[in-house]
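At the far end of the sequence shown sits residue 318, using full-length UniProt numbering, and the numbering has no gaps.
Honestly, I wouldn't trust all of these hints.
What the hints assert, rightly or not - Here are the simulated DMTMM-like pairs of lysine to aspartate or glutamate, each with C-alpha atoms no more than 25 Å apart in a straight line:
1. K75 - D136
2. K289 - D68
3. K282 - D263
4. K311 - E223
5. K77 - D33
6. K75 - E223
7. K291 - E191
What the hints assert, rightly or not - Pair by pair, the computed Cβ-Cβ distance ranges are:
8. V59 - R275: 38 to 46 Å
9. K156 - G266: 28 to 36 Å
10. Y308 - N40: 39 to 47 Å
11. F268 - I47: 25 to 33 Å
12. N79 - A142: 17 to 25 Å
13. Y132 - N269: 42 to 50 Å
14. Y308 - M189: 45 to 53 Å
15. M200 - L139: 22 to 30 Å
16. F244 - K190: 22 to 30 Å
17. M211 - K61: 51 to 59 Å
18. A50 - M211: 21 to 29 Å
19. F208 - I47: 31 to 39 Å
No wet-lab data here; the hints were simulated from the structure. We treat Cβ as the ideally placed atom computed from N, Cα and C, and that holds for glycine.
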Amino acid sequence: MESMSFKDPMMLAEQSSGYLKSIFRGTKIYDYDTRIDQYNWYALYIIQVAFYFTLQALVRKFAPPPGDIKVFKEKKKMNDYHFYYFQYPTFVHAIIGCIAGYRYDQPNHLYHQILMVHSFAYFTFDSIIEIYYGTDDALTNAHHLVVLIASFTHVKNSFGGFEYIVLHLITEISNPFLIIRTVLKICGMKETMIYAVNDMIFATIFLFFRMIVTPCALIYMFEGHNILAADKVGTAAILFIQLFWCYRILYLIMEKIRENYKDKTGAFNEPLVIRILFNIFKKLISDKKVKIYVSITQFILIFLIPYYFYKGTIFNNY
Numbered sequence: 001m002e003s004m005s006f007k008d009p010m011m012l013a014e015q016s017s018g019y020l021k022s023i024f025r026g027t028k029i030y031d032y033d034t035r036i037d038q039y040n041w042y043a044l045y046i047i048q049v050a051f052y053f054t055l056q057a058l059v060r061k062f063a064p065p066p067g068d069i070k071v072f073k074e075k076k077k078m079n080d081y082h083f084y085y086f087q088y089p090t091f092v093h094a095i096i097g098c099i100a101g102y103r104y105d106q107p108n109h110l111y112h113q114i115l116m117v118h119s120f121a122y123f124t125f126d127s128i129i130e131i132y133y134g135t136d137d138a139l140t141n142a143h144h145l146v147v148l149i150a151s152f153t154h155v156k157n158s159f160g161g162f163e164y165i166v167l168h169l170i171t172e173i174s175n176p177f178l179i180i181r182t183v184l185k186i187c188g189m190k191e192t193m194i195y196a197v198n199d200m201i202f203a204t205i206f207l208f209f210r211m212i213v214t215p216c217a218l219i220y221m222f223e224g225h226n227i228l229a230a231d232k233v234g235t236a237a238i239l240f241i242q243l244f245w246c247y248r249i250l251y252l253i254m255e256k257i258r259e260n261y262k263d264k265t266g267a268f269n270e271p272l273v274i275r276i277l278f279n280i281f282k283k284l285i286s287d288k289k290v291k292i293y294v295s296i297t298q299f300i301l302i303f304l305i306p307y308y309f310y311k312g313t314i315f316n317n318y
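All chains, please: the whole structure from these sequences, using the hints.
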C-alpha cells in the first residue's frame, strides 16, 4: 500500500491561511517519512483484524461473565450479554487511539500510518462482529461506515495523518469511561458510587469534546488549504451523527436532575428551567418530526453553509 506525495510540503504549508492558522501552524516543516513505503500495509491491516477477532475469542473464554447467560436469555437481553464482551477490544482500541503524536499540516509520519491502519482494522472487526450478534443500530452503522471510508482514504494519502489523529483523540478520549459505564451497568452495579462518578466524568468529557472541540476542529479543517476533503466531509458527518448522542446524554442528565425534585406522591416539582430542558431533550430523542427538523437544521449548519463559504478549497485533496 504505497503512499505518494504529490506536492511540496513547504509550498502546501505556505498556501494555508485561516482564523485558527496562527494557533495550529507548525514552526517546522518535516520531510515525508519514507519509512511508510517500506511496510506492507495490506498485510498489517489483515493481521490486526485477525488480532481483534482473536482477542474477542480469548475474552469470551477467559474474562469473567456479566452474569448467568440463562438469565440474559430469559430477559431477552442477549444484546447486553454480547455487548459486554465487545467492551474489551474496544477498550484496547480506545487506549491506543488516545496515545498519539501530532504534527500539524505535515506529511504523514510512520506513527500516523500505523495508527490509521490499526484503526481501519479495528472498525472492520467491530462492524462485522456487531452485525453478526445483532447489536448494531442505524447510528452505529453510519458511524462505522464514515470511519472506515475516512481511514482507508487517509491510509492511501501522504497527507492527513495529523488531522486523522486529532479526530481519533476527540472520538476516543471518552470511550474508556463509556466502556467502564457499560460493564458496570451490565454487571448490576448501576447504583454504586463508582458508577455515578464514572458517569459524571464520561458525560463531561463526551459533551465537551463532541459539542465544543469537534466544531472548532471542523472550522480549522474547512479553513485549511492542505487538509484532505475526507477530513472535512468526514468530520462534518461525525459531528452531525454525534450531536444526536449528545442530545441523549443531555436528556439523561436532565432526567436524573428531575428525579431529585420528586415528592412522596410521585409528582415532580422541578424548577421551570429544568422542566423546559427536560421536555426539549426528550423531544429531540423521541419525537420523529422534531428529529427530522433538527436533522435538516444541522445539515444546513454543518454542510451547506460551510460549503458556501469554503467552496474554493473544500474539495482539495492530495
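These are the hints, each one checked on the structure:
1. K75 - D136: OK: K75 and D136 at ~19 Å, within 25 Å.
2. K289 - D68: violated, 40 Å
3. K282 - D263: Distance ~21 Å between K282 and D263 Cα, so the pair holds.
4. K311 - E223: Answer holds: K311 to E223 is near 10 Å, not above 25 Å.
5. K77 - D33: violated, 49 Å
6. K75 - E223: Not satisfied, since the Cα-Cα distance of roughly 51 Å exceeds 25 Å.
7. K291 - E191: violated, 31 Å
8. V59 - R275: 38 to 46 Å: With Cβ atoms ~44 Å apart, the hint holds.
9. K156 - G266: 28 to 36 Å: Once the Cβ atoms are compared, 59 Å apart, the range 28 to 36 Å for G266 and K156 is violated.
10. Y308 - N40: 39 to 47 Å: Cβ of Y308 to Cβ of N40: about 43 Å, so the range 39 to 47 Å holds.
11. F268 - I47: 25 to 33 Å: Hint violated: Cβ distance 55 Å, outside 25 to 33 Å.
12. N79 - A142: 17 to 25 Å: Holds, since N79 and A142 (Cβ atoms, about 18 Å apart) stay within the stated range.
13. Y132 - N269: 42 to 50 Å: holds, 48 Å
14. Y308 - M189: 45 to 53 Å: holds, 50 Å
15. M200 - L139: 22 to 30 Å: Taking Cβ atoms as reference, M200 and L139 lie about 23 Å apart, which means the hint holds.
16. F244 - K190: 22 to 30 Å: holds, 23 Å
17. M211 - K61: 51 to 59 Å: At roughly 40 Å between Cβ atoms, K61 and M211 fall outside 51 to 59 Å, so the hint is violated.
18. A50 - M211: 21 to 29 Å: Violated - the Cβ-Cβ distance for A50 and M211, about 37 Å, lies outside 21 to 29 Å.
19. F208 - I47: 31 to 39 Å: Roughly 35 Å apart at Cβ, these two residues keep to the hinted range, so it holds.
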